[in-house]
Amino acid sequence: MEDRIDEYLYYDLDEQEGAEKLVVSYGVSSFAAREAVEKLRMQGVDVSLLIVKTLLPVASEIRGIIDSYDRVIIAEENLMGLYKKVLYGEEGREGVTGANGIGRMITPKQIIDEVTE
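Going left to right, the sequence shown walks through residues 1 to 117 as the numbering used here numbers them.
The hints are simulated quantities; they were obtained by calculation from the structure and are not laboratory data.
On a predicted model such as this, the values are computed, not experimentally measured, just so you know.
Heads up, a few of these hints could be off.
Pairs of lysine to aspartate or glutamate, EDC-like flavour, derived with a Cα cap of 16 Å [said to hold, decoys possible]:
no. : residue 1 : residue 2
1   : LYS39     : GLU114
2   : LYS109    : GLU38
3   : LYS39     : ASP113
4   : LYS53     : GLU7
5   : LYS109    : GLU35
6   : LYS85     : ASP67
7   : LYS109    : GLU77
8   : LYS53     : ASP14
9   : LYS39     : ASP14
10  : LYS53     : ASP12
11  : LYS53     : GLU77
Pairwise CB distance ranges, derived in the manner of DEER restraints [claimed, not checked]:
no. : residue 1 : residue 2 : range
12  : ARG104    : SER60     : 29 to 39 Å
13  : GLU7      : ARG104    : 14 to 24 Å
14  : GLY27     : GLY89     : 13 to 23 Å
Here a beta-carbon is modelled for each residue, glycine too, at the ideal position from N, C-alpha and C.
Model the full structure from these sequences, guided by the hints.
Shown next as structure tokens:
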């Protein structure tokens, strides 16, 4: 499966030139992530957006995109930051945080607050 990942690797990357911040999301959270990035850009914040559609196995291309940013916010509908843990394990990576929630949808404001923190 991993040998043929290019055949089923799907993602949307909306890169903003000069951005050092990246919002990563997937599934239903991606709607809030898109709205948050749009609002941030209207406020003059340089930020890129990665919507991952093929979560596993994690393709080296996805990891390369994420690792090219200094500050990464992973917005996902769970409390523990599961995708962040898949990417970086329990110890995490400096500059990578999450906008997490459960029981209700993550809001664009939650993501904006995490990006601007």
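**Item:** Hints that the structure is at odds with (numbers, increasing)
**Value:** 13
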